[in-house]
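*Asks:* Here is what each chain is made of, one letter per residue.
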Amino acid sequence: MPETVDFIPFVNWPTWLEGLIVMAVVYFAFVSVLAMFFIWWERKVSAHMQSRLGPMRTGLWHGWAQSPADGLKLLGKEDLLPDDADKPLFRLAAYLAFVPAFAALVVLPFSAKFVFVHEMHVSLVFIFGVLSLEIVGVMLAGWASNSKWALYGAIREACQVVSYEIPMGLSLLAPALTVGSLSLAVIGANQGAGLHEWLMFRNPFLFVAFFVFFIASLASCKRAPFDLPECESELVAGFLTEYSGMRWAMFFFAEYTVMYIIGALTAILFLGAWYDPFGIILGMEQAGQSWAAAVAGAGVMVVKGFTIVFVQMWLRWTLPRLRIDQVMYVCVKVFLPASCITLIGSAAWQWLAGGLFQQITQIVLTVLGTAGGLYFVALLARALVKPGQGILPTIITSWHAEPAPAPVAPAAAEEGQANG
Amino acid sequence: MREPGESITTPGMIIPDPVNVDALREGAGELRTEEMIINMGPQHPATHGVLRVILRTDGELILDAIPDIGYLHRCAEKIGENVPYTQFVPYTDRMDYLAAMNNNIAYCLAVEKLAGIEAPPRAQYIRVIVAEMNRIASHLVAWGTYGLDLGAFTPFLYAFRERELILDLFEALCGARLTYSYMAIGGVRFDATAAWCDKVREFLDYFEPKIAEYNELLSFNQIFIKRTANVGVIPPDRAIAYGLSGPVLRGSGVKWDLRKDTPDLVYDKMDFDVCVGDGRMGKVGDCWDRYFVRVLEMVQSARIIRQALAQLPAGECRAKVSRAFKPPVGEVYYEIENPRGQLGFYIVSDGQAVPYRLKARGPSFCNVSILREIARDCLLGDIPAIVGSIDVVMGEVDR
Amino acid sequence: MDNLDTIVFYFLAALALVGAMGILVSRNIVRTAMWLLATLVAAAGLYFLLGAAFVGAIQLIVYAGGTLVLIIFGVMLTAKNPNVSYTPRTAEIVLGVVLCVLLAGALIFVLHGTAWPNNVKSVEEVKRMSQAQRDLVGPNNPDATESTGRRFLGDYLVPFEVLSLVLLAVLIGAAYLGRPKVPVIGAPRGVNPPPGQEGPRK
Amino acid sequence: MTPVGLQHYLVLAAVLFSAGLCTMVVKRNAIGILIGAELLLNAANINLLAFSKYSAGTLDGAILALFVIVLAAAEVAIALAIFLNFYSRFASVDVDRGDQMRG
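Protein chains in written order, with this note's numbering: chain A, 1 to 420; chain U, 1 to 399; chain R, 1 to 202; chain F, 1 to 103.
Worth flagging that the hints you see were computed from the coordinates, not collected in a lab. Among these hints, one or two may not hold up.
[Claimed, not checked] When the alpha-carbon atoms are kept at most 30 Å apart in a straight line, the in silico DSSO-like pairs for lysine-lysine are as follows:
| no. | chain 1 | residue 1 | chain 2 | residue 2 |
| --- | --- | --- | --- | --- |
| 1 | U | Lys326 | U | Lys210 |
| 2 | U | Lys113 | U | Lys269 |
| 3 | U | Lys260 | U | Lys210 |
| 4 | U | Lys78 | U | Lys226 |
| 5 | A | Lys44 | U | Lys210 |
| 6 | U | Lys269 | U | Lys320 |
| 7 | U | Lys283 | A | Lys333 |
| 8 | A | Lys73 | A | Lys44 |
| 9 | U | Lys359 | A | Lys148 |
| 10 | U | Lys283 | U | Lys113 |
| 11 | U | Lys210 | U | Lys226 |
| 12 | U | Lys226 | A | Lys333 |
As the structure is a computational prediction, the values presented were derived from the model and not from experiment.
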């Protein structure tokens, strides 16, 4: 058990009410900035993957002000309510989708010292439970819109997300089982010594559980290739069809916040939480520099979380979408057995393996995982250094610079070809 | 006065089999309570324009999908019967607006045959070059939007990046980027310069390696294959029975291409292959086959353009035809291979300056008719896959 | 912090009661389900307040995230028929409300007349206990979740296993009851089913 | 303000229980009745945990509450399957329709 973890500014607040208000404001600002940043970032990422630039004009640098500007625009939009919608529920749905994402962040640690609520010993289960509430909002949105497409979106959401919660939950229990705690703070504190101590590399089952968890979490936060509840080419916009303006934006805030929560959760459960791969931060903690360690740890945590969010975006802009029966097939026939095996397997491993065997496994898995990670980094670097496989011909770049081609007499065509 | 129970319909309106409301009310007998009738379109992201598909669904299962057309009807044929022959060329641009060059050529060839005009050889070669470039541009749109239909956003932008270069070339050639009106009866309006030809070669050098990239990105993506293989299978006999043509027909394994089988222009001097679906990923005639035929045809088009550029003769590019010429009395039906299939024009002349009757046979119009048959018993998510693989352009379906 | 606990309790209690009244009064079945959500979340909050964080979290996962979604799903599948109204008869309402008000009154009366024993161990006492003794203690047990797990695989092993069998039976039973009665796939339908048509895709 | 104790929770649970029972009695929609039953179970759970914290001081309350939650999920699953069958039979989930004992 690490020493108590606390969120600094609120250690000594004068009264609980002030503390609560300050916390709520800071917290809301944090969520908004996070979501806005991700929206901007996703635009830039998608644009660069599609050989475009994305927003460039709003704000001074790379269109950074695009998200706030969009927010203002959405605030100013007319608040449309379909005539036949169940109006109170239609309004409620947007908040119901947003609040769980907001609430889950409460117990999410940023590093050993930075966590909003520290006395939660079951923070893992709490986050999981709160995130599962989001479905209700989405289903309600689909139902209250009184549109057939929205209803399809709602039903798909219910099928898909509820189903994927099972493999997600099972694969998330495997690291909890290995550490022996449901507290994210404790799970995180267990992986400090270095890359080989990251839970993902502890045993082969956890290695598999990482991938199961990551893909199931994609499905359960409706990211592509599992974005069936809102897929625009089939269901117009699914449960979002009838939404507009700020209420529509609420769903997006929720989605992007959940993306980060999933990313941070993956980092804490499998990828060494707020510790760097070389044990430097743990060394700082042991040397008594707990504040420096906490700040550095928060930085590492944010980098890890953002990296996973980036991978989510990368997948979204690369892969086509699955069909609903394929989504369910993957869940029930692949991930469900796989996650059961990872849970049972890592329990058995805990019981049987040890000593040299354990160390060798850890080293092998670490090498394997690092090699895989480096391969993807290399792919990305190649794409950045050498975009595409050919250089854009001069047609676009030079054509308009040239004087308009004078009509060439047929006889001159031959020599024109020679010097062209 | 309507009889009670009589539904409010307009003539020709398609009414799917109704849900039995009485059974719902009485609660008797076997119920099919989950049936729902949905309009997919005319405003829908996946219907490529204003195609309306009336879906009768049982949950995700499609029981029936009825294409309903006519939202873009602009009386193109009737206009054709009221303007002189030369003035109808711009209207053909607006039929299949993604392949305007090919439409122009089809109409001009029909009129030329009717009037006994022969375009000079250079014009014929230029026609082949622009037709094949437009085929590439059209297939690029089909390829990109097909990815979009299946949820892959990125291919669309890649396709449009390359298509943009073709449009630039067309702009340089004739000044227009979408509706070219480049063909004239008896030739082409502007000659291609040598510099332009070099630009086309440069484009081909750039474009041909890109196709490997497309395949890597989309064609051989496992999710894409899972989405398209064995979906919307059209057996060859059904394809012929429905009068399908173009990549949709060839996707079913039928080796039929007017460029090879009834060569017009100078296609008989070109060396190229007719690509057919071979059921590589599933059954012959599934969505993947239709899709991949288009990818292969882009390679063949590039081959043809290279040959045509190499053989391009010098000379005039337009025969002398008077502005309001009057073809002799008679009728003609002429069809060529468009990117989407066989586009034919049937023209009846009574010796006047305007056609007596003009009728177009659009490939998309015939191709979309198979939708109801192959979209039965599939899932809702397959509908965009099927509609996209048929690749209809509503401007030409409705005309 | 007692003050905060009190306020939070009253807030959650009010939410739960409003939800319960909403369930009772609401005619629209989807809204009824939403009121149930309010009650469930408030109950989860009360569990947290009662020191049973694990139960609270499980309540959120299973009840609010699973059971409630199932209920809404059921509502969506059965509430389509506009010709059916579920308005109860006035006599039923009056009788039901009167009976239940009487029941509530009686229960509260009994509660006020009863003195409950208090066997709660203080934190110091718990600290002095052995592991086995500590497993029995509910509040003031620093690792109550672990103890819960040990109890499940110890004293409560038989009920725990029986429960797993029950769940399995429910899974099979629900799948059996929910199977489609009408052969929806592959039945010939529409005009002129074309010859040589492919069968349904599996 | 008196500090919150056992009595507060018990009164709250009693009211929730009565409301749940009333819902079960009054509603004609089968799913409404199901929701009433959920209310009863939640009232029971609050009681269990309140006694566990303020009176018995043991973990059994929490363990029983977990059993209740899981059983409630099972109950809802089966009940909804039955209601769907009921609905496909009577085109309604009005429990008053189900007064005939034939398949």
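*Asks:* Each of the hints needs a verdict: does it hold here or not?
*Replies:* A quick look at each hint next to the structure:
| no. | hint | in the structure |
| --- | --- | --- |
| 1 | U/Lys326 with U/Lys210 | violated (47 Å) |
| 2 | U/Lys113 with U/Lys269 | holds (20 Å) |
| 3 | U/Lys260 with U/Lys210 | holds (26 Å) |
| 4 | U/Lys78 with U/Lys226 | violated (45 Å) |
| 5 | A/Lys44 with U/Lys210 | holds (23 Å) |
| 6 | U/Lys269 with U/Lys320 | holds (25 Å) |
| 7 | U/Lys283 with A/Lys333 | holds (25 Å) |
| 8 | A/Lys73 with A/Lys44 | holds (20 Å) |
| 9 | U/Lys359 with A/Lys148 | violated (39 Å) |
| 10 | U/Lys283 with U/Lys113 | violated (41 Å) |
| 11 | U/Lys210 with U/Lys226 | holds (23 Å) |
| 12 | U/Lys226 with A/Lys333 | holds (16 Å) |
In summary, the numbered hints that this structure violates are 1, 4, 9, 10.
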